[in-house]
Structures are given as structure tokens and as C-alpha cells.
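Novice: Residue numbers (numbering that gives the first Met the number 0), protein chains in the order written: chain U, 0 to 683; chain E, 0 to 161; chain W, 0 to 100.
Source of the hints: derived by calculation from the structure; they are not laboratory data. It is possible that part of the hints are untrue.
[To be verified] Lysine-lysine pairs mimicking DSSO-like chemistry, simulated, CA-CA at most 30 angstroms apart:
hint	chain 1	residue 1	chain 2	residue 2
1	E	89	U	653
2	U	567	U	656
3	U	114	U	370
4	U	596	U	656
5	U	596	U	166
6	U	656	E	159
No experiment lies behind these values; they were computed from the predicted model shown.
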Amino acid sequence: MITGNIITDFSLLILFLPLAAFTINIIVGKRLPRQGDWVSIGAILITLVLSLSMLLNMFMNWDSDFSHEAKFTWIDLGAFKIELGFWVDNITIVMLVVVSLISSMTHIFSLEYLKGDVRYSRYYAYLGLFTFSMNGIVLANNLISLYVFWELVGVSSYLLIAHWFEKPSAAAAGKKAFLTNRVGDIGFFIGIMLMFTAIGSFNFQEVFSGVSQGLIGGSLLTLAGVGLFMGAVGKSSQFPLHIWLPDAMEGPTPVSALMHAATMVAAGVYLTVRLFPLFSSDALLIIAYVGGFTAFFAASIAITQNDIKKVLAYSTVSQLGYMILAVGVGNYIAAFFHLLTHAMFKACLFYGSGSVIHAMHHSLHELDDHKTDPQDMRNMGGFKSKMPITYWTMTIATLAISGVPFFSGFLSKDAILAGSLGFAQHYPQHFLLPVFGFGAAAITAFYMFRLIFMTFHGESKMPKVFKRIHESPRVMTFPLMLLSGLSIFIFYTLPYFNPLSDHGWFTELILAGDSVVPGNPTAHEIGEGVHHAHYTAMALSLLVAGLGIGLSYLMYIKKKLSAEAWAKKMGFMYKLSFNKYYFDENYDRFLYQPFLKLSRAVAYVDWDLYDKYFINGFGRITKWLSFLTGRIDYDGLDQSIVDGLGRSVQGFGKQLKQVQTGRLQNYMLFALVGVIIILVIQTI
Amino acid sequence: MADFTFWIVVGLTLGSAFMVVQSKNLLYSAYALLFSFIGVTGLYVFLWADFIAVVQVVVYVGGILILIIFGIMLTNKITSVNISHTSVQKGIGTLAVLGIATLLAYMVFSTPWIELANVEQEETTASIGRLLMMDYLLPFEAASLLLLGALIGATTLSRKED
Amino acid sequence: MDSLTNYLVVSVVLFSLGLFGVITRRNGVAVLMGVELILNSANLNFLAFARFGGMNMAGHVFALFVIVLAAAEAAVALAIIINIFNNFQTINVDEVSDLKQ
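Could you build the full structure based on these sequences and the hints that come with them?
Specialist: Laid out in C-alpha cells, this is it:
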């Protein structure tokens with residue numbers, strides 16, 4: 000078509016159609032009928048079709064080594080050359096499908112959720128912008144365009160989180176998300192530049208070959224790797240930059256589903272998956288610990304939260320930690336697998352919570368109650384009977400996230416846990432990693448089922464509100480059903496039907512590549528380790544899942560154990576967890592305030608000292624100089640010299656005119672004197 | 000004897016001339032002028048210019064001096080006494096005059112005059128008359144014209160405006 | 000002593016005195032008197048040269064003309080002085096200075 004290669008053509012369309020939708024909606028959106036939502040939906044559905052056809056193509060070819068690169072030269076200055084383009088392989092295709100699918104679901108879900116919103120067309124425009132940016136990250140073949148789209152995704156996130164910017168908390172949340180991302184991006188950029196300085200190219204393939212040739216090695220490589228990883232820390236909300244994701248829940252729920260569950264935060268994982276070959280073993284160790292710790296720590300916060308979206312937010316942070324952990328221990332394909340399954344069930348969970356919140360909103364609105372929080376789970380209860388579709392779809396997704404067999408989550412989580420266990424078996428000093436992993440699994444099962452039990456089971460504590468709860472319309476339940484369906488194991492194990500084994504199209508088509516860092520274990524060695532620990536991991540994971548679900552059931556259904564009593568007994572721990580370990584407060588006290596103080600001090604030096612004295616001093620000196628010059632010119636030159644000349648002539652004339660006395664005798668005298676003088680001169 | 004008389008006459012002339020220019024009283028100046036004229040006449044006699052000497056006495060003393068005295072009388076305010084200074088710029092004047100005098104004297108003494116022999120003269124009157132009518136007729140007529148003009152002019156000038 | 004230079008010296012002195020009177024005296028008539036002195040000195044010069052210097056009778060004729068002119072000039076001058084007195088009420092020559100700048 001355009002470029003002659005159908006893969007490149009499709010990639011171009013997939014990339015730029017959402018951008019076209021963005022442009023149209025931003026410029027003329029408000030004037031179009033229905034405010035232009037059909038433009039965005041049309042664009043995203045076409046994108047979805049194109050991505051699915053690429054997926055189909057992948058299935059038909061069944062080539063695990065498939066890769067396609069299309070590039071063009073952007074800047075060529077001889078020694079300095081930057082080429083941009085696309086890199087399409089099986090991972091890319093799967094990721095494109097994920098992005099397009101979840102984005103389409105978000106577009107459809109928002110039809111009802113944001114009906115009558117004050118900035119409807121702009122919202123859809125921004126969704127288009129985000130899809131464009133995310134696809135840009137997925138298709139990038141070099142670090143520079145990746146970075147550009149990375150930033151664009153950050154911008155879209157900011158715009159969408161702060162969609163209802165009249166609410167100060169929403170505006171602040173958007174700002175926080177963007178700035179925290181930027182902190183991570185500093186490290187990211189340093190990493191990119193280190194790579195470029197050592198290897199001379201931004202292109203992935205050239206970077207990999209450069210690393211394998213040893214152009215960059217040792218601690219510098221680790222540093223670069225950690226730098227690149229910092230981008231993922233920021234984008235995927237890992238410790239210590241996890242603070243923005245819970246606050247990002249201020250945005251509309253479909254946005255939370257799209258960006259903060261399935262795609263944008265997954266970009267960090269995608270980055271580490273793409274760049275896995277160049278991480279040194281030290282960098283990978285750091286990655287593993289960051290991921291593992293985040294998984295455990297975020298889960299420990301989720302158990303005390305009462306806002307339904309906050310629970311899901313911390314759950315996302317925790318699951319992302321899982322993925323990062325998997326990359327760190329070397330099993331990065333498991334991380335990608337989990338990314339895929341997590342996208343499906345987490346988006347489903349978010350949509351479900353959106354459905355619940357939507358119902359709560361309507362009910363409270365009818366009751367004219369503006370004080371009750373529609374997102375607080377303590378105000379819910381027993382919704383199972385009123386919202387059956389939402390209930391069943393969310394339950395399926397929860398089963399998936401808890402790692403229960405027959406569901407997709409079990410397969411991917413199992414792979415990750417097996418990877419961590421295998422790693423620990425190989426390096427027994429890193430026993431913490433599987434501890435983090437399995438611990439987080441237990442806690443995840445616990446709090447996810449807590450969410451389900453508190454929302455849908457039991458008795459409602461607000462009967463009046465409960466009476467008016469009703470199921471959501473089709474446009475909202477359709478994504479729920481689709482995604483919950485995709486949370487079942489079978490879609491990932493085709494053409495095999497074993498629910499306990501992850502063997503399927505995924506594991507056959509998407510194979511791990513070797514690390515190009517000399518001295519790192521090969522994919523084969525890693526795979527061996529995983530395989531070794533597989534059955535132990537499976538047993539352990541089933542155990543911990545059961546523990547978590549069981550505890551939750553006892554506490555919230557059977558009420559055999561009291562949550563309040565436990566909270567009181569572990570008062571200090573409860574408080575820590577409930578207040579998110581006081582991270583935001585400490586950051587503010589030890590980072591933000593001192594930095595603001597420094598800024599103020601610098602501003603003081605600049606404004607009150609430098610400007611006032613130095614700059615103004617210059618001004619004053621100049622003014623004084625010009626005044627002086629003026630004086631010299633006016634009084635000195637003009638008055639003294641110019642006027643003086645005139646005055647002296649005048650004075651001279653005045654003196655001279657005294658000669659004209661009018662007296663004859665004086666004239667005679669002068670004549671006489673003149674004669675004398677002439678005579679004297681003549682004689683002499 | 001002649002030298003002595005000569006110097007007396009010279010002294011009279013110069014002394015009177017000095018008085019003329021020095022006196023504060025105008026009438027005294029006029030009288031001094033008289034004596035000066037007479038002295039000059041004496042000098043003319045010494046120079047064997049008999050006719051001119053007589054003309055000098057008649058015209059100068061008898062005519063001009065009388066005129067001057069008339070002028071003094073007519074133009075003096077008898078009632079008011081306002082003779083503050085009778086002379087001005089005396090200092091510079093003296094210097095300038097002395098300078099001129101010095102220069103002239105220097106010229107007189109340094110020029111090699113060709114002195115011709117003393118020739119006793121007959122009466123000069125006849126020769127003057129003869130010269131007037133023959134060689135110097137034009138100046139004679141011009142002089143008479145001039146006198147006419149002066150006459151008319153003086154008369155016109157001193158007329159009262161009607 | 001009848002040498003030319005004597006007479007010339009006398010004439011020089013007379014001339015100087017007359018000049019002094021002209022440029023010094025305030026009264027107009029006094030100025031006129033000075034002028035007469037000057038004319039007399041000129042006459043003396045002429046006659047001296049007539050006797051000693053070879054001018055012969057020309058000198059005498061010249062002196063005659065000088066006397067004539069002196070008389071005419073004195074008359075006119077006095078008429079002017081009378082006029083000045085009538086107009087300015089004074090004949091101090093430094094007070095009739097309407098041409099002063």
C-alpha cells in the first residue's frame with residue numbers, strides 16, 4: 000500500500016488512526032453531532048481490527064522467530080545518525096492487541112459512564128492521544144522514539160487523570176502523576192544517554208549487538224541498566240515512585256481501567272521485557288528486589304483500604320511488582336504473560352468497580368445524598384442480587400487474580416512464582432524473593448475476596464441506597480463480559496486444553512531471547528531453573544491462594560473472625576497500612592518542603608539580591624552615566640563650548656564696540672596711534 | 000643778537016601754544032592763541048616772508064581769532080559753571096603725541112636736507128601776485144570759489160530755522 | 000640761528016602741541032584752536048622750505064592758500080559749533096555722541 004510491506008502499513012495505520020481521531024476531536028469535536036465520540040470509537044475499532052488481523056497472521060504463520068523492522072533516517076550528520084522506525088515481532092503484535100482491545104472497551108464503556116460529561120469530546124480526544132502514544136511505545140525500534148512516546152503517554156495520563164480538574168484533588172493528582180513520572184524519566188534518560196555514548200546508536204538491535212561486543216560493560220552497564228529501569232519504576236509505579244497511582248484514581252474509572260491497570264503502567268514492564276537482553280546481572284538483581292518488595296508492600300496496604308478503587312490501585316501496583324520481579328529473576332516471558340492476563344482481568348475489575356460506582360452514584364443522586372462516598376465499600380453490601388452481571392464477571396476476574404486454577408491468572412502467576420523459586424534455588428542468598436512473591440500472593444487472594452465479599456455479599460448497611468441499586472446498561476456490561484471471558488485459561492492455552500499447564504500458543508510463539516550481556520545465564524539455563532521449581536511452586540501457590548481466600552471467607556462471610564478486633568490488636572500495623580506507611584507525608588516533609596525551601600532561597604537570591612542590587616545597580620549606573628553624559632553634553636559642550644563660543648564672541652564684541660565711543664577725539668587718537676605704529680614699523 | 004631774538008620769538012610761540020592747549024579757561028586759551036599767532040608772525044619775518052607775515056596778522060589775528068572769541072562768547076553758558084574737565088584722555092594723548100613728535104623729530108634730524116644758499120630776497124609781494132595770476136590761477140579761482148562756498152555755508156548753518 | 004632744522008623742529012613742536020589740543024580738549028572751540036595751531040605749523044614748514052629748501056615762491060603761495068583755507072574752515076567750523084550748541088546745549092565734544100554704539 001504505502002510502504003509496500005503490509006506489516007509496516009498496518010503499523011502505520013494502527014499508530015496514526017487514533018492520532019487523527021484526537022486531532023479531529025480536539026479541533027471540531029464540540030461541534031460534531033454527539034460531540035464526536037463516534038470518530039474516536041470508529042478509529043479505535045478499526046485499529047482493533049487491524050491488530051487482530053496481525054494476530055491472526057501470527058497464528059497462521061506460527062513463526063516464533065518472526066520479526067520485522069522498518070526504519071527511516073531522521074537525522075544524518077555523518078558521524079551522528081538517528082534512525083527511527085517500527086519493530087514488529089510476536090511480542091509487539093500481542094501488545095498491540097492488548098492496547099487496542101482495552102482501549103476499545105474503554106471507549107465503549109465511557110459512552111455510558113461519561114454521558115453528559117462537561118468535557119465529553121475532549122475526553123475522547125485524549126483517549127485517542129493516549130492510544131496513539133501507547134502504540135508508539137509498543138512499535139518503537141529505538142530508544143529515542145520510545146522516550147518521546149513515553150513522555151506523550153505521561154502527558155495523556157496527566158490530561159486524563161485531571162479530567163475533572165475543577166476538583167482540586169484531581170488536579171493535584173494529575174500533577175503528581177506527571178511529576179513522579181518525570182523523576183523516573185530522569186534516570187531513564189541518563190540510561191539512554193549512557194548507552195548512546197558507549198555504543199553510538201539508539202536502535203535496539205544495534206544496542207544489543209554493541210553490548211554483546213563488550214562496548215559497554217561492568218558497572219557502567221549496570222548503571223545504564225538501572226537508569227533505564229528507573230523509567231519503568233516511574234511509569235509502572237514501583238517503590239519508591241509508587242505514590243502517584245493510588246491518587247490517579249481521581250480520574251474517571253474507564254481511564255483507570257485503560258491506563259492504570261492494563262496499558263500505561265504495563266509500559267514499564269514492556270520496556271524491561273524489550274530491554275531485558277542488556278541488563279547486567281547486578282541490574283537484574285536490583286530489578287528483582289524492587290519488584291518483589293513492591294509486590295509485597297503494596298499488597299500490605301491494600302488489605303486495609305475501604306475505597307473500592309484504592310484497593311484495585313494497590314492491587315495493580317502489587318501485580319506490576321510481580322511482573323518486575325519476574326523480569327529480575329530472568330523469566331521475563333512470564334512477566335509478559337502476566338502482563339497480558341493481568342490486563343484482561345484487572346480491566347474487568349476496574350470496569351466492574353465502575354459499574355458499581357455508577358449504580359451508587361445514581362442511587363445517591365436520586366436520594367439527593369451528596370455526602371455519602373459512592374466508592375466506599377462500607378456503604379455497599381449485598382449487591383449480588385441487584386447487579387448479577389457485574390457480580391459474576393468481577394468474581395471471575397477475582398478468581399483469576401487470586402491464582403485459582405482454570406483461570407488465566409493462575410497460569411501466569413504460577414510461571415512467575417516458579418521463576419522466583421528457581422532463582423532462589425540457584426542463588427540461595429536471595430531467598431527473600433520467593434518469600435515476597437508467595438506472601439504477596441496470599442495477601443492478594445485475601446484482599447481481593449474481601450472486596451467481593453464486602454461489596455456483593457452480606458447485608459447492606461444503607462438500605463435506602465440499596466433499594467435503588469440497579470444493573471448497568473449493556474454498553475457497560477458488554478466489556479465486563481468480554482474481559483471476564485478472556486480471564487479464563489483456555490484463551491491462552493490453545494491449542495491445548497490443560498488448565499494446569501501454560502503450554503499453549505503463547506509459550507510456543509513467544510520465546511525468551513538470550514541476554515546479550517556476556518556472562519549472564521542464557522534463556523535455556525533460566526528455563527531449566529524454572530522447570531525445576533515448577534511443581535513446587537504450583538503446590539505452594541495453590542496453598543497460599545487457598546489460605547488467603549479462606550481467611551477472607553472466615554472474616555467477612557462467616558464472621559467467625561472479626562476484622563475490627565484484628566485491626567485493634569495490630570493497631571500500629573493497621574495504622575501503618577491504612578495510611579500507606581505515611582509515604583506521602585514523609586516525602587513531603589523530607590523531600591518537597593526542603594526543596595521548596597531551597598527554591599525559595601534561590602529565588603530570594605535572584606530576585607531580592609541579584610535583581611535588586613546587581614541588575615538594578617547596573618541600571619542605576621547606566622542611568623547615572625547617561626545623566627553624566629547628558630550633563631557633559633548639555634552643560635559642558637553646549638553651554639560652555641557652543642554657547643561659550645557665542646558668548647565670548649558677544650563679549651568680545653561688547654568690548655570691541657567700546658571703541659565706537661562716538662567721540663571724535665577718540666577716533667583721532669586711534670588714528671594717531673595707528674600712524675605711529677605704522678611709522679615705527681616702517682623705520683624698523 | 001639775531002639768534003637771541005630768534006629764540007625769544009620761538010619761546011613766545013611755543014609757550015603760548017602750550018598755554019592754548021593747557022589752560023582751563025577758554026578765554027585764556029584764546030589770548031594765548033593770539034600771542035602764538037604773533038610769535039608765528041615773528042618767525043615768518045625771520046624767514047623773509049614779509050607778505051605772508053602781514054597776511055597772517057590780518058587774517059589770523061584780526062579775523063579768525065575774533066571769530067573764535069565770538070564763538071566762545073556765544074557758546075558759553077554764562078550762568079552755569081560746568082567746567083568739570085577741560086581735557087580728556089590726557090595720559091594716552093600725551094604719549095601718542097610724544098610718540099609722533101619723537102618720530103617727526105627723528106625724521107627731521109635724520110633726513111639729509113639739501114640746504115641751498117641763503118639768498119637775500121626782494122619783496123615777495125610782487126612775486127606772489129605774479130605767481131597767483133600766472134602759474135597758480137586755477138588754485139586761486141578755486142580758492143575764491145571755496146571762500147564763496149564757506150560764506151554761504153556758514154551763513155546757512157547759523158541761520159535760525161524758520 | 001637760521002638753519003632749516005631749527006624751523007622744522009619748531010614746526011614739529013607746534014604741530015605736536017596742536018595735536019595734543021585736538022585730541023585732548025573737551026570744548027569744541029578749544030579743538031578748533033588746536034587745529035589752527037596745526038595749520039600754523041604747516042605754514043611754518045612751507046615757508047622754511049621756501050627759504051631753505053628750494054621751493055622759492057611756491058612755498059609762499061602755498062602758505063597763502065593755507066591761510067585762506069584756514070579762515071574759511073574756521074568760519075564754517077564755528078557755524079557748526081553754534082549749531083551744536085543750539086541743539087545740544089553744550090559744546091563738549093564727548094557729549095555730542097549720538098553716533099555712539
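Novice: Checking against the hints above, which ones are violated?
Specialist: 2, 4 and 6
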